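K.L.:
Chains A and B, in that order, are what the protein sequence lines are.
With the numbering used here, the residue at position 242 of the first sequence is 257, and numbering never jumps.
With the numbering used here, the residue at position 29 of the second sequence is 44, and numbering never jumps.
No lab work stands behind these hints, which were simulated from the structure alone.
Some hints here could point you the wrong way.
With a straight-line cut-off of 20 Å between C-alpha atoms, the simulated SDA-like cross-links for lysine to any residue are [stated by the list, open to error]: (1) K230/A to D193/B; (2) K232/A to L178/B; (3) K232/B to Y194/A; (4) K230/A to L178/B; (5) K230/B to K232/A; (6) K159/B to R168/A; (7) K159/A to G169/B; (8) K232/A to F195/B; (9) K159/B to D166/A; (10) K230/A to G196/B; (11) K232/B to L178/A; (12) K230/A to F195/B; (13) K230/A to P198/B.
Please read all numbers here as calculations on a predicted model, not as lab measurements.
Spelled out from the first residue to the last, the chains are:
2 protein chains.
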Amino acid sequence: MASQEPPLVTISDLGRHAGETVRLRGWVYNLRSSGKIAFVILRDGTGFTQVVITVGAVGDAVFEQVVGLSQESAVSVVGAVRQDSRAPGGFEISATEVEIISPSHDYPIALKEHGPEFLLDHRHLWLRTPRQVALMRLRAGLIKALRDFLDDRGFVVMDSPILTPSACEGTTTLFQTDYFGEPAYLSQSGQLYQEATAMALGRTYCFGPTFRAEKSKTRRHLTEFWMLEPEAAFVDFEENMRIQEDMVSYMVAWLLENRAEELKVLGRDTGPLRNVAAPFPRITYDEAVAFLKEKGIGIEWGDDFGAPHETAISLRFDRPVFVTHFPAAIKAFYMKPDPSRPEVVLGADLLASEGYGEIIGGGQRIDDLDLLQRRLAEHGLPEEPYRWYLDLRRYGSVPHSGFGIGIERTLTWIAGLDHLRETIPFPRMINRIYP
Amino acid sequence: MASQEPPLVTISDLGRHAGETVRLRGWVYNLRSSGKIAFVILRDGTGFTQVVITVGAVGDAVFEQVVGLSQESAVSVVGAVRQDSRAPGGFEISATEVEIISPSHDYPIALKEHGPEFLLDHRHLWLRTPRQVALMRLRAGLIKALRDFLDDRGFVVMDSPILTPSACEGTTTLFQTDYFGEPAYLSQSGQLYQEATAMALGRTYCFGPTFRAEKSKTRRHLTEFWMLEPEAAFVDFEENMRIQEDMVSYMVAWLLENRAEELKVLGRDTGPLRNVAAPFPRITYDEAVAFLKEKGIGIEWGDDFGAPHETAISLRFDRPVFVTHFPAAIKAFYMKPDPSRPEVVLGADLLASEGYGEIIGGGQRIDDLDLLQRRLAEHGLPEEPYRWYLDLRRYGSVPHSGFGIGIERTLTWIAGLDHLRETIPFPRMINRIYP
Numbered sequence: 016m017a018s019q020e021p022p023l024v025t026i027s028d029l030g031r032h033a034g035e036t037v038r039l040r041g042w043v044y045n046l047r048s049s050g051k052i053a054f055v056i057l058r059d060g061t062g063f064t065q066v067v068i069t070v071g072a073v074g075d076a077v078f079e080q081v082v083g084l085s086q087e088s089a090v091s092v093v094g095a096v097r098q099d100s101r102a103p104g105g106f107e108i109s110a111t112e113v114e115i116i117s118p119s120h121d122y123p124i125a126l127k128e129h130g131p132e133f134l135l136d137h138r139h140l141w142l143r144t145p146r147q148v149a150l151m152r153l154r155a156g157l158i159k160a161l162r163d164f165l166d167d168r169g170f171v172v173m174d175s176p177i178l179t180p181s182a183c184e185g186t187t188t189l190f191q192t193d194y195f196g197e198p199a200y201l202s203q204s205g206q207l208y209q210e211a212t213a214m215a216l217g218r219t220y221c222f223g224p225t226f227r228a229e230k231s232k233t234r235r236h237l238t239e240f241w242m243l244e245p246e247a248a249f250v251d252f253e254e255n256m257r258i259q260e261d262m263v264s265y266m267v268a269w270l271l272e273n274r275a276e277e278l279k280v281l282g283r284d285t286g287p288l289r290n291v292a293a294p295f296p297r298i299t300y301d302e303a304v305a306f307l308k309e310k311g312i313g314i315e316w317g318d319d320f321g322a323p324h325e326t327a328i329s330l331r332f333d334r335p336v337f338v339t340h341f342p343a344a345i346k347a348f349y350m351k352p353d354p355s356r357p358e359v360v361l362g363a364d365l366l367a368s369e370g371y372g373e374i375i376g377g378g379q380r381i382d383d384l385d386l387l388q389r390r391l392a393e394h395g396l397p398e399e400p401y402r403w404y405l406d407l408r409r410y411g412s413v414p415h416s417g418f419g420i421g422i423e424r425t426l427t428w429i430a431g432l433d434h435l436r437e438t439i440p441f442p443r444m445i446n447r448i449y450p
Numbered sequence: 016m017a018s019q020e021p022p023l024v025t026i027s028d029l030g031r032h033a034g035e036t037v038r039l040r041g042w043v044y045n046l047r048s049s050g051k052i053a054f055v056i057l058r059d060g061t062g063f064t065q066v067v068i069t070v071g072a073v074g075d076a077v078f079e080q081v082v083g084l085s086q087e088s089a090v091s092v093v094g095a096v097r098q099d100s101r102a103p104g105g106f107e108i109s110a111t112e113v114e115i116i117s118p119s120h121d122y123p124i125a126l127k128e129h130g131p132e133f134l135l136d137h138r139h140l141w142l143r144t145p146r147q148v149a150l151m152r153l154r155a156g157l158i159k160a161l162r163d164f165l166d167d168r169g170f171v172v173m174d175s176p177i178l179t180p181s182a183c184e185g186t187t188t189l190f191q192t193d194y195f196g197e198p199a200y201l202s203q204s205g206q207l208y209q210e211a212t213a214m215a216l217g218r219t220y221c222f223g224p225t226f227r228a229e230k231s232k233t234r235r236h237l238t239e240f241w242m243l244e245p246e247a248a249f250v251d252f253e254e255n256m257r258i259q260e261d262m263v264s265y266m267v268a269w270l271l272e273n274r275a276e277e278l279k280v281l282g283r284d285t286g287p288l289r290n291v292a293a294p295f296p297r298i299t300y301d302e303a304v305a306f307l308k309e310k311g312i313g314i315e316w317g318d319d320f321g322a323p324h325e326t327a328i329s330l331r332f333d334r335p336v337f338v339t340h341f342p343a344a345i346k347a348f349y350m351k352p353d354p355s356r357p358e359v360v361l362g363a364d365l366l367a368s369e370g371y372g373e374i375i376g377g378g379q380r381i382d383d384l385d386l387l388q389r390r391l392a393e394h395g396l397p398e399e400p401y402r403w404y405l406d407l408r409r410y411g412s413v414p415h416s417g418f419g420i421g422i423e424r425t426l427t428w429i430a431g432l433d434h435l436r437e438t439i440p441f442p443r444m445i446n447r448i449y450p
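Take the sequences, apply the hints, and build the full model.
P.N.:
This is the structure in structure tokens:
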């Protein structure tokens, strides 16, 4: 009898092999057996599927080995792919061969509840569970959707440097390093550099890690997080918001279509996400403060928002909302004042819906050299490290705007989570730099 | 006469507006005038085009202003788009309106030769020149092609952390920072973390900045550079090379098709790039050493290659070449020894063609726990920071492989440059962290 090596496939591809005999390789996620039949939930990184193994099909010796397998043992399986609408993923494998690649003893993450610190200590293994796999696939999809949106609209990726001689918005929350005898800092934002690249290429963006040495222990802070920061020449405050709402709407629609399975694993109610379509409502900071006062949430004009303020504003709307025209005094030095009312700026924060807070901050930048120099002085910042930045206003200054979207905060919202810590492969927090 | 605001277009889009009247916004790249006619080369980030301005069309006052414009002044122009095969980009604008947005006086980068240090000091402005714009568009395309290749083949982007408690390959060339009272280091490679994510999601990659505090002043070193590092479970040494050669071939073909204009601006002879198609030749380290000795290029078995060695090997072939089976002693601790000859490893460097050196390093990883522990000890590395990494061999260890491709080295080759410093928006070198 001529024997042919069965095709090697992934679990995500089983749908194309119904009725065929295939080989799968992966890890034992769960196993139960009763008498002469064993059910293995196999995972291979692309999905989870049930493998049915009987003494009759694989023989006594192999069956004996199989029932002794513990969680995360690596195996290679040959079997027939059977459509079964009750099975997870819709298919089931009737095994005819099982080969053990390597065992796994005393796997630390049992199929029971663990506390967050224990799971974070074992992040390298925790990532193997269905929920974390779904979350990471959602993250990758979110990143792809944002990049594709920008790439398709003429934005050119221009990586901003991480090691910088000066701070973007002050020095109190910077990680410092020794750069061959001089102090250097890890970037908190690539924006200033994007202003330079936007003057060269028109529309650009950077996407990379940013760092804040914040001593916050809140569920909304990481010390290392990823930001996507587009910047565009000849784009004003209004057009900047249109780009943002189009981008966020595109991303949400893309994920609803292409990551439906992952959202289901996460138990996300996708109803509210289906409302996320441009245009988004806009309210001014003044209106927001009046509303918060009315609701009895303590704030005075001139105060910055905290989480409770953002939540209350967010819950008023069925989709993300722009809060515009913040007081200049609580925003960064480069924000352009509203010509008709210079104490507020042409900047906006985008608050996610369902009570989630800020996911984007952005606005129009000061394009006047004198005003920018005055602002640096008012913020107590030296001119020398900003010499190149000032040059952008010396040589053909034009109106320009941009924004930064935080990947982890956005994913927290999309996935419907409480805490940022699960939204990045290896979170860094004030008390955590391992693994 | 009814007047309608002409459509706002970019230079890259002129082809869709031939014969129409449009508005362009951008910067004066060059200007020459004679009598009653002026020729402005306008740039807007998407391209360069010639604008013809006559006294007759714009009037004396505007014409006077126009001929006084200096390089990098920002302007808004309305005019008719005329097809002209002799013009750069194939079109020319006959202006009927010119509005000056902002002037530019004493622009530091005149249209003449400057030394590299002067240009690097003015990197924020140097990026505006045609050659740099082409190079940056080529960079963005290269990144897109690599990401698309991986995304389309089931690799999931999983960002590795930058702040790490331990070093991947020793501590002598690490940037250090204070992490809330503990030392932390900027990552030199995301690989070890990708080994964890590959066990969770099957195939993953990271793409981000990496850091080496190397005191090298060569034209092939940056202290901050971008690496793309794929890793895959159940992939062996051979399949790992096939993924690499397919990826590099895909990228080159994509750039030849989609960045032809940029390659032309750079004066790149694309002939040699057209040979870059899989499969790539493979030679062993032994063969390479024998060849180098024969050529009289000093080397002994066990020595690592320097630039002259890589150049000589590269020039033997018409496409990139894999050098395989390096001595274990000169490679990283995690490289899997060849079972048939344990003094060499199942690793390979990919050398770019035309005399360019290494652009990829990769190979199969050790999957045996005992051997990995011995290797750590032999390299004088403590086990404690690698506890999580060792776990990957404790719980369902499987054969796995990966590689890292350096974006700047690859772009240097594709663009046909001598030096890495132009291949990243804001280069960081031993003597440079500004702008």
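K.L.:
Can you confirm whether the C-alpha distance between K232/B and L178/A stays at or below 20 Å?
P.N.:
Holds, at roughly 18 Å.
K.L.:
What's the verdict on K230/A and P198/B, does the C-alpha distance respect the 20 Å limit or exceed it?
P.N.:
holds (16 Å)
K.L.:
Can you confirm whether the C-alpha distance between K230/B and K232/A stays at or below 20 Å?
P.N.:
violated (37 Å)
K.L.:
Between the alpha carbons of K232/A and L178/B, is the straight-line distance 20 Å or under?
P.N.:
The given pair, whose Cα atoms are some 18 Å apart, holds under the 20 Å limit.
K.L.:
Could you grab the alpha-carbon distance between K232/B and Y194/A and see if it respects the 20 Å cut-off?
P.N.:
holds (15 Å)
K.L.:
Does F195/B sit within 20 Å of K230/A, going by the straight-line distance between their CA atoms?
P.N.:
holds (8 Å)
K.L.:
Given the hint that K232/A pairs with F195/B, test it: the Cα-Cα distance must not exceed 20 Å.
P.N.:
holds (13 Å)
K.L.:
Is it true that the CA of K159/B sits at most 20 Å from the CA of R168/A?
P.N.:
holds (14 Å)
K.L.:
Within 20 Å, alpha carbon to alpha carbon, are K230/A and G196/B?
P.N.:
holds (12 Å)
K.L.:
If you draw a straight line from the CA of K230/A to the CA of L178/B, is it 20 Å or shorter?
P.N.:
holds (16 Å)
K.L.:
Do the alpha carbons of K159/A and G169/B lie within 20 Å of each other, as the hint requires?
P.N.:
holds (13 Å)
K.L.:
Holds or violated: K230/A and D193/B, Cα atoms, limit 20 Å.
P.N.:
holds (13 Å)
Figure legend: structure checked against the earlier numbered hints; the only hint not met is number 5.
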